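Enquirer: Starting from two chains that each stand alone, build the complex the way the hints lay out.
Line order of the protein sequences matches chains A and B. Oh and the first sequence: position 177 is 177 in this note's numbering, straight run, nothing missing. Oh and the second sequence: position 62 is 62 in this note's numbering, straight run, nothing missing.
It should be emphasised that the hints constitute simulated quantities derived from the structure, not laboratory data. Only a predicted model underlies this, so the values are computations on that prediction, with no experimental measurement involved. For each residue, glycine too, the CB sits at the ideal point set by N, CA and C. Possibly wrong hints are sitting among the right ones.
As the list claims (entries may be wrong) - So the derived list for chain A, only partly shown, Cβ under 8 Å to chain B, looks like this:
hint	residue
1	TYR67
2	GLU100
3	ARG163
4	CYS192
5	GLU194
Stated by the list, open to error - With a straight-line Cα cutoff of 25 Å, these simulated SDA-like cross-link-like pairs (lysine to any residue) come out:
hint	chain 1	residue 1	chain 2	residue 2
6	A	LYS181	B	ASN304
7	A	LYS179	B	GLU36
8	B	LYS190	B	GLU173
9	A	LYS167	B	LYS244
10	A	LYS167	B	GLU36
11	B	LYS190	B	ASP256
12	A	LYS179	B	ASP256
13	A	LYS179	B	ASN304
14	A	LYS167	B	SER110
Said to hold, decoys possible - With beta-carbon atoms standing in for the labels, derived distance ranges:
hint	chain 1	residue 1	chain 2	residue 2	range
15	A	ASP182	B	THR248	31 to 37 Å
16	B	ARG11	A	GLU171	28 to 34 Å
17	B	LEU100	A	ALA137	28 to 34 Å
18	A	LYS121	B	ARG41	56 to 62 Å
19	B	ARG11	A	PRO134	21 to 27 Å
20	B	LYS6	A	ARG34	42 to 48 Å
21	B	LEU100	A	GLU42	41 to 47 Å
22	A	ARG321	B	SER120	58 to 64 Å
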Amino acid sequence: MISITFDDKQKIGLQYALDTLHGCSPFGAEKIRRLRFYGPEEREELETELYNVEQMARFAGELKAEYDKICLILCQMKDIRHSLRRCAEGICPDHVELFEIKGYLQRLENLLPLFEKVSGKAALEGIAFSDPAPALAVLDPENTRSRGFYIPDNSTPRLKELRIRKKALEEQLFHAEEKEKDAIRLERTRVCAEEDSEEMKVRAAMGKTLAPLVPDLLENADTAGRLDFMIQKALFAVHYGGVRPELTDGALELTDMMNPEICDLLEEKNRRFIPVSISLGRGATVITGANMGGKSVALKTVALNVLLLQAGFLVCAKKARMPLFSCVKMLFDDLQSIQSGLSGFGSEIVEFQKALDEVEQGYSLFLLDEFARGTNPDEGAVIVQAVTRYLNGINAISILSTHYDKVAENANAHYQIIGLRDIDPEAIRRELCTTSDDGIEVIARHMNYGLYRVEGRSDCPRDALNICRMLSLKPEILKNIEAAY
Amino acid sequence: MLDKLKDDLARIRTMSIVGMCKNAGKTTVLNWLLSEAQRGRCLALTSIGRDGESTDVVTGTEKPSIFVPSGTLIATAGDMLRLCDVTKEIIYTTGIPTPLGEVVILRARSAGFVQLAGPSITTQLAHLSGTFFDLGAEQVIIDGALGRKSLGARVVAEGVILCTGASYHMSMEKVIEDTAGIYRIMNLPKAASLPPEAEDSLEDCFRKNGEAYLTGALYDSMILPLLRSGILRSGRLVVQDPSKVLLTADTLGKLDTRNVKLEVRDAARTLCVTVNPVSAYGWKFDKDEFREKMQAAVDVPVINVKEELG
Chain A
1 MISITFDDKQ
11 KIGLQYALDT
21 LHGCSPFGAE
31 KIRRLRFYGP
41 EEREELETEL
51 YNVEQMARFA
61 GELKAEYDKI
71 CLILCQMKDI
81 RHSLRRCAEG
91 ICPDHVELFE
101 IKGYLQRLEN
111 LLPLFEKVSG
121 KAALEGIAFS
131 DPAPALAVLD
141 PENTRSRGFY
151 IPDNSTPRLK
161 ELRIRKKALE
171 EQLFHAEEKE
181 KDAIRLERTR
191 VCAEEDSEEM
201 KVRAAMGKTL
211 APLVPDLLEN
221 ADTAGRLDFM
231 IQKALFAVHY
241 GGVRPELTDG
251 ALELTDMMNP
261 EICDLLEEKN
271 RRFIPVSISL
281 GRGATVITGA
291 NMGGKSVALK
301 TVALNVLLLQ
311 AGFLVCAKKA
321 RMPLFSCVKM
331 LFDDLQSIQS
341 GLSGFGSEIV
351 EFQKALDEVE
361 QGYSLFLLDE
371 FARGTNPDEG
381 AVIVQAVTRY
391 LNGINAISIL
401 STHYDKVAEN
411 ANAHYQIIGL
421 RDIDPEAIRR
431 ELCTTSDDGI
441 EVIARHMNYG
451 LYRVEGRSDC
461 PRDALNICRM
471 LSLKPEILKN
481 IEAAY
Chain B
1 MLDKLKDDLA
11 RIRTMSIVGM
21 CKNAGKTTVL
31 NWLLSEAQRG
41 RCLALTSIGR
51 DGESTDVVTG
61 TEKPSIFVPS
71 GTLIATAGDM
81 LRLCDVTKEI
91 IYTTGIPTPL
101 GEVVILRARS
111 AGFVQLAGPS
121 ITTQLAHLSG
131 TFFDLGAEQV
141 IIDGALGRKS
151 LGARVVAEGV
161 ILCTGASYHM
171 SMEKVIEDTA
181 GIYRIMNLPK
191 AASLPPEAED
201 SLEDCFRKNG
211 EAYLTGALYD
221 SMILPLLRSG
231 ILRSGRLVVQ
241 DPSKVLLTAD
251 TLGKLDTRNV
261 KLEVRDAART
271 LCVTVNPVSA
281 YGWKFDKDEF
291 REKMQAAVDV
301 PVINVKEELG
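Pulled out of the complex, with its shape left as it was, chain B reads as follows (with noise of 0.2 Å):
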């Protein structure tokens, strides 16, 4: 299962690793994608904000440092360049600024540990991706947000990888039902087609065509009375992306069962859900009972951080 995840991680140009907490092992995933790419293509790595230090800031427990090869292509701030022992080359500077400084694009011209803190604004890291492209990156990776935050994601990235982790919550049940309710907002199906946009009233443009656009987010109160009263039923809620739908699993439910069909305008696909037993705050799961939960859960592969790729 692990070369066939390996094959299909290696063909999606540009790739987001987002975290459900901290902990959960996205660095770890990070320097095994790192260590695992063929010899000689050249990889990008950025990170949405500053992520990478050594010791966690919110935890206080030891982190992996992300190691990369020789080559390399890394956007980080410019403060953060004197925390990178690879053999610097400075091959541009984005002009993007951030609270450490612009964010420079150097290669590596030895291995070694780097400091990401990239652009946090989606905008920027799209324009940064096609920079390394320009500058003749074969993939990137783009160490991601946390949490809801990395819904956006989707934007800059075609492929996630979904890491989650004990560190969530001391319930396996809470932990799994979360992480599948978020994969689900992100694995929400491509639109085919735009609906007509709802402008004024949802509960019109729906009456009048079976389905709607909607620009702006989408959360419970608006869709509970249009459930009550029997409107929403078997059409098409389209929305912008994963990030604007904000309503509750109990929510989306309830629109499965009414045949309600939510779908995204900009789509990219989860590639695989990665998970990690151990907690940052003492507790840990069962590793094999909590895999297979979490696969049960989901329909692209579950991966244990600590066995499969540690």
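Chain A on its own, in the form it takes in the complex (with noise of 0.2 Å):
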């Protein structure tokens, strides 16, 4: 079972992705909110939902119109599935509760043509509303077609005389002298009093007659919920470009993969997101580059595609091979524990162990974002190669991003950031020294957060070098560090 916290969920960007959704109904709003992650043993579900969220985003500028008016039915459906159970519970329902199952009922009528458009034009699959008229004939028995609820006379000649009792005393109440009202009204709040009972029996059956139709009024419900969440997936397929990856049993390539979070971000920087591809195989990958680099955005973007596929949505890549995981954990470096009173360090070995015991419990990614940096560097580094020895050898595609050398030795794989790589620091250093931006964003617009692979043995960059000449850092200082490299 995956399951990520919600802070998790901030940092890789997924509840990002998320907010950008609006579930209409309360169904579908539930179902964002609580989010659900199809695990390996759900494949055939996740491919069915895959497919359908394909097919409605490929339809989404032809069925534009269809897809608003179903989404507008969905906003004024109410969460009416309380109101069902106790019916089913045979508990008798109130005027309230009836006409608002009545409403979702109209509305569900209206939604299934709208539904059955798009259902036929984008072929959808395993997605079926059954009909919700057996149980509108119930709360409608006279086929008004009228928006309000009202418990017609004619439900029992009991009501009907009873109706016509009332209306009479209240004329005769219109036209008595004084003193005979009071006899008048007496026998009016006894008839009332029958009226209100003879109603409630009406109610009674009702809902005893709704009770066997509650489960499939309850899949609708369901239903309506999953129509809700489709066509929100779809939308952000065409929005952030998503693709349809091909499922593989271990396997994980994202060919120009993005983070719509950070790609909004610097997108109202005016820069523009570098796509990033990755390929990764069972074993530990390890990723190294320069401060700044980017090496955390690569982590969390893989982190965020695996769990938007396996929430069923497409993922934002121009192209994904990717398996499904039975677990996805993830450590990032500004992990504090105050509460338990350990420090930096302590809490992420402790931290670390836990993750490490339920990710060995079936196939797993595993993201540790510069474990051990929180200790001195000797010592980090032999920690972090141990570790990534042990990764190595289990069933979990684990990556590491990280400082310290000679860890990419023991990897199975090692990735690097472009970063500064083709660059000239010079240049840099006359760009900084005639503009007067702020040197960091310089920088920035210049470092290319791009991955390449790494094929043989290599050292950590020496970006850092490259970043104190280009900050102008004080010559002396620059000499001394040149002279010990």
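Expert: The structure is reproduced here in structure tokens:
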């Protein structure tokens, strides 16, 4: 079972993605709020969901009017599930409950032709509504099609009698002498009480007739929620460019993947997200790269897309081949456990232990961002090397981003951020001298966040020195650094 | 006089009935309006908060219940439905929550007694009136709040019926004085134009422009120093609505003497004042004297609820 904390959802940008969705019905909104991930054993269901979402995204332009109308109807739906369950339990529903159930069924009835059209055009699979007509017939026995809910006079002969009597008494009251009025009022109260109890019998009978239909009606509510969520997923894919991945048995290949949150953030600053490609297999993969180079972004984007897939979304990439994981765990570098009283490093180890226990339960994705950075570099490097060797042996795809030397040699694969590799530091230094822009901003602009695969042995890039040069660190210090390299 | 008043009342689209105190005769007026309405005319009814109990919760006295004709639209909280003995057709759920459940709109399919518990926020009330008209209502009547709170009623209603009675105070003079005070504030004239807004200091604004618009409340301690120093003299003060005027009758009088006009941005008008000479607490006023004195203090019709509407 994949379970992700709200904190992690926020860090990797999954929450951002979810926040862009607008669940229209209470059922759809609930599905988004209580996001459920498909496990490896639900591969078939997930395939169907992905197919449907892909189809709906493909026809999003052509069927826009239908989607809009469907959303409008979904928006008007109220959550009647509690009332339905009460009916099933044999509790007599009140007027307002029956009104709401009737309204819901009428909306569902209006939704059906639109759904049929969409479903036919986009050739959707595995999603269908059962007919609301039998339930509607219970609540609108005279087939008035009115929006209101009213227990008709003809419901029982007794009710009809009582209502006629009530009306007659009101007329009488209107013309009566003052001294007769009390007796008429008394009689009227009696009739009203009997009308109320007769109506209750009718309501109870309605509830009883509805009871066997309740499982179907609840199923329909769930289907409405699925449809709602599917439309939102399709629109998300249209907006951020989603692709339906080919499901594999182990390998994870993402070509030109992107992260909507960071993408939107950069766009606000008039910058562009550089798509990242990565190919991962069982065992440990190490990502190295300069400071500010986007190692964490790469890690987060992998996690985001894996989770999007397993929640039934198309993934944000040009092309994707992905497996299904039974567990996704991530440890980010900003981990602090003040409550437990442990240092940053101590709590990191505790969290790592906990995560590892879960990761070893089944095929997993395990992400470690700057693991053990909280301790001294010599010890840290040794620890991360050992962890990397261990992770090579377990049934999981592990990705570690690190600064430490010689970790990459212990890994199955090694990626490096392109960073400032192809940039002439002197050129940037000159640019910095002539512009008033913030130095960090200028470097960030030139930074290439793409990844490349390092074959054979390679040391960590020496971008730190370059950054010092660009930012014109005091020459005396710079000279000393260069001498020590 | 009553016939002319009835014509006047029928022309008002939204009407609020407000009381100076409990037992002022609000429900009697409401029942009178309901019974006098032309047959076939669709009235809609709601209240500010909970009202319409058959015994007054505060004084324990027997109160008249609200009796609606068939066809009336009623907005009340869900929990109140079982206390309404009309034959009910639920036609809309408003989504407005109250402690007594969501406010529901129903159509009375028969005449009968109803218990009202409407929204207590004026914006919700304004929204509800809109829904009533969408549902085909021709006139909306709001069973309003008591005393000062009722001044806000002008935001949602075009016309106001002000109910007062002996229950307000033992002294008839006090009842008349305070009712006339509320009446005066309620009937402040609508500003033809908005003067510049007094953002920082009322004094500066008034000095510069000879008039000022205040978005907040207006109270004695703001006005008295300006009156004393002679800055406030023959000009114009505009406030948002009557509920923003927290001035004592004395200060109001002083403004008048200085020829300072007090105006409001949102205006409704008081249609009539009703009086109830019998108090729920045991005392009684002379009904004719009370009515006549009240009539002398206001310039709209004054009606005795017990005799003329009973």
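Enquirer: Are the hints correct? Go through all of them and say.
Expert: Checked hints:
| no. | hint | in the structure |
| --- | --- | --- |
| 1 | TYR67 | violated, 25 Å |
| 2 | GLU100 | holds, 7 Å |
| 3 | ARG163 | holds, 6 Å |
| 4 | CYS192 | holds, 4 Å |
| 5 | GLU194 | violated, 11 Å |
| 6 | A:LYS181 to B:ASN304 | holds, 24 Å |
| 7 | A:LYS179 to B:GLU36 | holds, 22 Å |
| 8 | B:LYS190 to B:GLU173 | violated, 29 Å |
| 9 | A:LYS167 to B:LYS244 | violated, 47 Å |
| 10 | A:LYS167 to B:GLU36 | holds, 19 Å |
| 11 | B:LYS190 to B:ASP256 | holds, 16 Å |
| 12 | A:LYS179 to B:ASP256 | violated, 54 Å |
| 13 | A:LYS179 to B:ASN304 | holds, 24 Å |
| 14 | A:LYS167 to B:SER110 | holds, 7 Å |
| 15 | A:ASP182 to B:THR248: 31 to 37 Å | violated, 48 Å |
| 16 | B:ARG11 to A:GLU171: 28 to 34 Å | holds, 29 Å |
| 17 | B:LEU100 to A:ALA137: 28 to 34 Å | holds, 33 Å |
| 18 | A:LYS121 to B:ARG41: 56 to 62 Å | violated, 50 Å |
| 19 | B:ARG11 to A:PRO134: 21 to 27 Å | violated, 49 Å |
| 20 | B:LYS6 to A:ARG34: 42 to 48 Å | violated, 58 Å |
| 21 | B:LEU100 to A:GLU42: 41 to 47 Å | holds, 45 Å |
| 22 | A:ARG321 to B:SER120: 58 to 64 Å | holds, 60 Å |
In summary, the numbered hints that this structure violates are 1, 5, 8, 9, 12, 15, 18, 19, 20.
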